[in-house]
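Here the protein sequences line up with chains A and B, keeping their order.
First residue of the first sequence: 1, per our numbering; consecutive thereafter.
First residue of the second sequence: 1, per our numbering; consecutive thereafter.
Keep in mind the hints are simulated off the structure, nothing from the lab.
Predicted model only: the values in this text are computed from it and were never measured.
Incorrect hints may appear among the rest.
Said to hold, decoys possible - Only pairs whose alpha carbons sit at most 25 Å apart, straight line, appear in this in silico BS3-like list of lysine-lysine: (1) A:Lys136 x B:Lys3; (2) A:Lys188 x B:Lys160; (3) B:Lys94 x A:Lys39; (4) A:Lys195 x B:Lys148; (5) A:Lys20 x B:Lys94; (6) A:Lys136 x B:Lys42; (7) A:Lys113 x B:Lys118; (8) B:Lys146 x A:Lys113; (9) B:Lys160 x A:Lys113; (10) B:Lys160 x A:Lys195; (11) A:Lys188 x B:Lys94; (12) B:Lys24 x B:Lys3; (13) B:Lys94 x A:Lys30.
Each chain, letter by letter, is given below.
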Amino acid sequence: MIQIINYGLGNLGSVQNMLKRINVTSTIVKNPRDLRAEKIILPGVGSFDTGMSNLLNEGWVEALNEKVIKEKVPTLGICLGMQLMTDRSEEGQLGGLGWIEGEVVRFSATGLKSPHMGWNIVRPVSHDASILRSDKPELRFYFVHSYFVKVNNESDQLGVTNYGGEFTSAFRRENVFGVQFHPEKSHKFGMMVFKNFASL
Amino acid sequence: MLKTRIIPCLLLHEGGLVKTEKFKNPKYVGDPINAVRIYNEKEVDELIFLDIDASRKGEEPNLSTIEDLATECFMPFAYGGGITTLQQIQRILKIGVEKVILNHSALKNPDFVKEVAKHFGSSTIIVAVDIKKDLWGNYKVYDHVKKKTTGIAPSEYAMKMCEAGAGELFINNVDRDGTYTGFDSQILESINKMVSVPVIACGGASGVSDLKEVVTKANVSGVAAGSIFVYQGPHRAVLISYPSQDELQQLFS
Chain A
1 MIQIINYGLG NLGSVQNMLK RINVTSTIVK NPRDLRAEKI ILPGVGSFDT
51 GMSNLLNEGW VEALNEKVIK EKVPTLGICL GMQLMTDRSE EGQLGGLGWI
101 EGEVVRFSAT GLKSPHMGWN IVRPVSHDAS ILRSDKPELR FYFVHSYFVK
151 VNNESDQLGV TNYGGEFTSA FRRENVFGVQ FHPEKSHKFG MMVFKNFASL
Chain B
1 MLKTRIIPCL LLHEGGLVKT EKFKNPKYVG DPINAVRIYN EKEVDELIFL
51 DIDASRKGEE PNLSTIEDLA TECFMPFAYG GGITTLQQIQ RILKIGVEKV
101 ILNHSALKNP DFVKEVAKHF GSSTIIVAVD IKKDLWGNYK VYDHVKKKTT
151 GIAPSEYAMK MCEAGAGELF INNVDRDGTY TGFDSQILES INKMVSVPVI
201 ACGGASGVSD LKEVVTKANV SGVAAGSIFV YQGPHRAVLI SYPSQDELQQ
251 LFS
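Looking at chain A on its own, in the form it has when it is part of the complex (with noise of 0.2 Å):
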């Protein structure tokens, strides 16, 4: 069973409805003495310490760190979340969960439209493809965001997109995994890596 974490950020909803339509069990859990599942997705729309000190008030950090870091239960963060996974961000003054060594940084190439929003080519760039495993030639997923992950180790990143140059849209960490897309809103594509995701 996935618990997908309400954090009071995020499109819960969508995460929730496209797991129901690969059929896959989820509920949504608002209670940090209730994480007991077996994976965790940790969703989130909005800003670094928004995000951050809803985790801090409402107890989720160490509640987390003992299922993700203790325990190894593969954890899942989308877009937000995956940025909250890192250790700190340019968004924001909170340290951040430091699960993945790295930090957030703003899109800031000249004449780039922020936020970067639209379809974008993931490409896979570890030899273990894990949640991307795929038999398309191309994977196509929904992005909005203005800020990105830059990752201090190279051997953590799953996927690469170019937006004015290629940035970090996937990476993992033993059961660590964060992407920048929006799998709950990439249709088939999205579906795969939530099917990938609940088969590990």
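Based on the hints, put chain B in the right spot on chain A.
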């Protein structure tokens, strides 16, 4: 590379899906949920739903309809129509809608856009700008509730909306709506170059070549259309359709 978004713009009226001509004469083209299911199959880039009655009648957004649509919609989905409060937006986003479209409420009170941006972030807000030529042939922002043009110049208004926090602009040409006469690229280009947020062009598409043309000429980030995705043929038979990804790729490569 970021792909150009091609977006069916679907109009809700009295519980059904309709298509208008110059914002008038809504013709029934089918059931909205059924249309969403077809667009899912066709792997559409994004969908825009506009309730064309809500603001005119002073009604609230119909949450149960929006929820039914959102539950079926596995692609980004923007909703507009009758939105006037932060509470409504909160509910709409919770249901599973990505973006809300503000039109009349933004025109009446630009500070509302600011407030929405502060609470929900700019990437959640599309400001819809209806434009129409006035008696002297100059484009002005159109007020669809009062059914008349305002004295406001579109570029000026677009910049003001971006400053207020719009994350995206949806420019809808009233004169071209449902007319198959192509986009007016010139006005779109003049608006697009004034703003740093993505611009979606709407109004006038007669086929996929028009989509290509407006992207080339006006450099917009997205193109929306109604008629060509709900009608087919010279007699405008109702047919929910969308170009294949291969077709789009060829068109924009």
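Those earlier numbered hints the structure runs against, lowest number first: 2, 4, 8, 10 and 12
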